[in-house]
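> The opening residue of the sequence shown carries number 1 in the UniProt record's numbering; numbering runs sequentially from there.
What the hints contain is simulated information worked out from the structure, not anything from laboratory work.
20 Å max Cα-Cα, derived PhoX-like pairs, lysine-lysine:
#	residue 1	residue 2
1	Lys421	Lys535
2	Lys521	Lys810
3	Lys347	Lys98
4	Lys499	Lys623
5	Lys115	Lys51
6	Lys723	Lys618
7	Lys51	Lys85
8	Lys139	Lys182
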Amino acid sequence: MWTTKTFLTKTKRGNILKIVREHYLRDDLLCGSAACNVCPHKDDECILDVKPESICALFDYNHYLLIDTNVVLHQIDILEDDALKNVIILQTVLEEVKHQNTAIFQRLLEIIGNKRRKFYSFVNEHHKDTYIERKPGEKPNDRNDRAIRKAAGWYLEHLSIKGLTGDFPKIVLLTDDENNRKLAQDDGIVCCSVKDYIENVSGYPGLLDKLSKNVMPENSTKDALYPAHLTPSQIHAGIRNGKLHQGTFYASRDNFLEGTATVNGFEKQILLQGHIGINRAIDGDIVAIEIFPEEEWRKPSDIVLEDKAEDPGDLLEEESILLNTAKSAASADISPTGKVVGIIRRKWRQYCGILMQSKFPGATRHLFAPAEKRIPRVRIETRQSDLLATQRILVALDSWPRNSRYPLGHFVRALGPIGDKDAENEVILLEHDVPHARFSEAVLACLPPDDWTITEEEIKKRVDLRSICVCSVDPPGCTDIDDALHARPIPGTTNGLKKYEVGVHIADVTHFVRPNTALDKEAASRSTTVYLVGKRIDMVPDLLSSNLCSLRGGEERLAFSCVWEIDENANVLNTKFHKSVIKSRAAMTYEQAQIAIDDGSRRDEVAASLRTLNALAKKLKQKRLDNGALLLASPEIRFEVDSETHEPMEVQAKRILDTNSMVEEFMLLANVSVAEHIAGEFPQSALLRRHPAPPPANFNTFLKAAAQQGFELDVSTNKAFSKSLNEAVLPSRPFFNTLLRIMATRCMQQAVYFSSGTLAQEDYYHYGLACPIYTHFTSPIRRYADVVVHRLLASCIGADATHASILDTKYAVSLCENLNYRHRQAQYAGRASVALNTHILFKDRVEVESAVVLAVKRNALQVLIPKYGLEGPLYLPSDKFIYNEEEHVQICNGVVLRTFDEIVVRLSLDSTNLQHRKLVFQLVKPVIPGFSYEEMEVEAVDQPEIEIVDITRTKKRQKKDDVQIVEQPQVVIDITSKKKQETKSKKKKGKK
1 MWTTKTFLTK TKRGNILKIV REHYLRDDLL CGSAACNVCP HKDDECILDV
51 KPESICALFD YNHYLLIDTN VVLHQIDILE DDALKNVIIL QTVLEEVKHQ
101 NTAIFQRLLE IIGNKRRKFY SFVNEHHKDT YIERKPGEKP NDRNDRAIRK
151 AAGWYLEHLS IKGLTGDFPK IVLLTDDENN RKLAQDDGIV CCSVKDYIEN
201 VSGYPGLLDK LSKNVMPENS TKDALYPAHL TPSQIHAGIR NGKLHQGTFY
251 ASRDNFLEGT ATVNGFEKQI LLQGHIGINR AIDGDIVAIE IFPEEEWRKP
301 SDIVLEDKAE DPGDLLEEES ILLNTAKSAA SADISPTGKV VGIIRRKWRQ
351 YCGILMQSKF PGATRHLFAP AEKRIPRVRI ETRQSDLLAT QRILVALDSW
401 PRNSRYPLGH FVRALGPIGD KDAENEVILL EHDVPHARFS EAVLACLPPD
451 DWTITEEEIK KRVDLRSICV CSVDPPGCTD IDDALHARPI PGTTNGLKKY
501 EVGVHIADVT HFVRPNTALD KEAASRSTTV YLVGKRIDMV PDLLSSNLCS
551 LRGGEERLAF SCVWEIDENA NVLNTKFHKS VIKSRAAMTY EQAQIAIDDG
601 SRRDEVAASL RTLNALAKKL KQKRLDNGAL LLASPEIRFE VDSETHEPME
651 VQAKRILDTN SMVEEFMLLA NVSVAEHIAG EFPQSALLRR HPAPPPANFN
701 TFLKAAAQQG FELDVSTNKA FSKSLNEAVL PSRPFFNTLL RIMATRCMQQ
751 AVYFSSGTLA QEDYYHYGLA CPIYTHFTSP IRRYADVVVH RLLASCIGAD
801 ATHASILDTK YAVSLCENLN YRHRQAQYAG RASVALNTHI LFKDRVEVES
851 AVVLAVKRNA LQVLIPKYGL EGPLYLPSDK FIYNEEEHVQ ICNGVVLRTF
901 DEIVVRLSLD STNLQHRKLV FQLVKPVIPG FSYEEMEVEA VDQPEIEIVD
951 ITRTKKRQKK DDVQIVEQPQ VVIDITSKKK QETKSKKKKG KK
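Whole structure, please, built from the sequences with the hints as guidance.
Below, the structure is given as structure tokens:
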């Protein structure tokens, strides 16, 4: 049978359309119960048990659970626990959850897909006995509640047909909606709240901890600490009339009582200060903001402020003491200031951290301290505090009522002991939302066989370059080799100049990763390979990343080639693209390639090709610099990791060679060439990469600090800025210019992916590279953006079909958002891994090292130790130091500390509290009596050599073309076993 569904919809022009659809109803849909003798089930279709055992003391009979939408949305952690089985999920609930929260919807699908859990999805909206029409004037939510009750009643009646009175499984409806429970009881349906049900479950002691907490309504004024949030309708009206603004809230890492929000129409970010100003917003939330009159605007606080170590209870401290809210004399320092008046959309997730046990014996309420400093502490209830106190745990947020200083949440699961390497790495991956689960069977099914080889038929479709001397140059230990190079002379001259053929050959990942397959969707979701110290989270399975797509020496591989005709002055005369087959002559490290170039006795093809590439690369680089490309400093750090224990053994500055720059220049040239081509062919849907010019306000503090050293820097354009940086040299301080460039990095914005149809052409510009158009083409093994660009280019040259997704602008926008997010999170995860391994390295050691002052705060110096790439606060007591707010200097006993000053610090790890281990910086020099750390004698500490590299250079293990703003040292991982090192040491001694 069938019925009709009628919808009314409003068009963009304001017209009302009536849509009528046929809705087919069936009577042969299976109930999924093995206890049923009516439905014609097959063995694998009986998901629900014959006698589902009760684990709840409230019900002493066998029963199935049927749950409503809000139970799924708010209690998903309970549902994921193995305790609950034999659960019926209605189609009505699935559709509502999908509409309201796609992340929870995916988690629910995973539970349903696990047959061991016995969750059965029943299509009630298409069953003739459970489908209901919406009544006139009835709200959609009320209709869905009625549909859930109807399905529960049908199941009860359907199962009782068996005729064994009292023996058939009953139905228990779980709902936290009091009105829904009352109506269900009126219909004869047994129902229960989730809290009542879980509190009476036996045999699962940790289950109660996962219960999401019920809270007071927002409009309650009982013991209120915070202002009430506006309702959605009030927020909508305020934004429409211009009184309110929508923005994304970003909490400060240095001050828990401060944050900012990005709002359209304001060049600067909106400053939000104090508990009331932030008003329960959490980092990432979309908020409604009321902006104060201009006379009430403030400057950002210059205090490094952490939340109290002890639980202060539900009290808010005197904020005027904790925050510097005074207006600055310099108007340039003033930021638009406002307050959060409502939450438009929460961006809450699960957070990793540690449990701070209550001091009261037997207490069940405790504080949870998140690993991420920008997230406030969370109140949770648990009866396992003694066990969890030594564990890294995962906690989910439930709500933040007005009468609670902290948000409320619940325990999800333990990750492992504090300090355990695996547990700490798991924290890093979870905290930075890095997908790291094993590849699914569906993804692995998309892979070719392990013994796959290139067929003759495939070779005929491509340009055969196997006879050309192609080689790759990568860091030591690199297995995902995605690029190779060649150069050879071309007979004849152009304008009297010699000519060369130069090729960049990139792994043809798209031959294996086809659009819309499970493999493609997984790669798109992950977006990037993530590099931790001693660990790599691949974007595509290892068979591709380290084998079939990796351009290993001596093996035939499929490639996508960009080949230029270039004269000896590095002018590009001609460019062509084609799919190819190559056979790399050698997979070399940077050092091996450098030795081949420098060794005059080598006359082989590989050495000749490398020398040509190196000479041309230097000219290409000079052209970029002449155009205004920025070069900033980035200290490269190498961790030596024990191959057996995976523990860091040592860290040292890494030497940068000419071959690093050689490879980088040709990767950049290839990316620019491809960007120009795909933008010409697909002006509305080309995937490009831009680097916005930083707002002038970003430079204020930096320029003031540089002026203190006697340099007036011109930041009007990137070319002027580059020239200023080149001239800012102090002969007495060779490291000063490098430090200046590191500091300049902090003023930059992130480079981002975008679709060409969403911006005007003048906005394509890449500030750091000083080029009008740019993209990513050269690393498809580790970046999904490059995969998309390969598909676009293949379509341009007729090497592959034009897929529908390529032309879908809406899809391109959402794809770019995910690419930018994943790329950013991967960077942060890499830095967190460096910090973790540094903590492990300093577990039993103390170092006295040279450092430089990056910033002067009201109560601390932000210092950098170049040797280790470590940065942190050196706290200054207010009773000894006087802070000059205008000059940004600290003064004590005639000693003046400024930005860029060179100091000596003592570095150690504070492990007095296992749960809060942290690096401690103590001042050694200059000597300030009563404050500086006293040693018998502190030897002079030399600054490590730090190579000046492009602003575009950031890659864990020397990524050659990753256009990013350098904010932290690059890290190269050297996995060397102690035994091997000891053997090398003995050999050296023997030679001596």
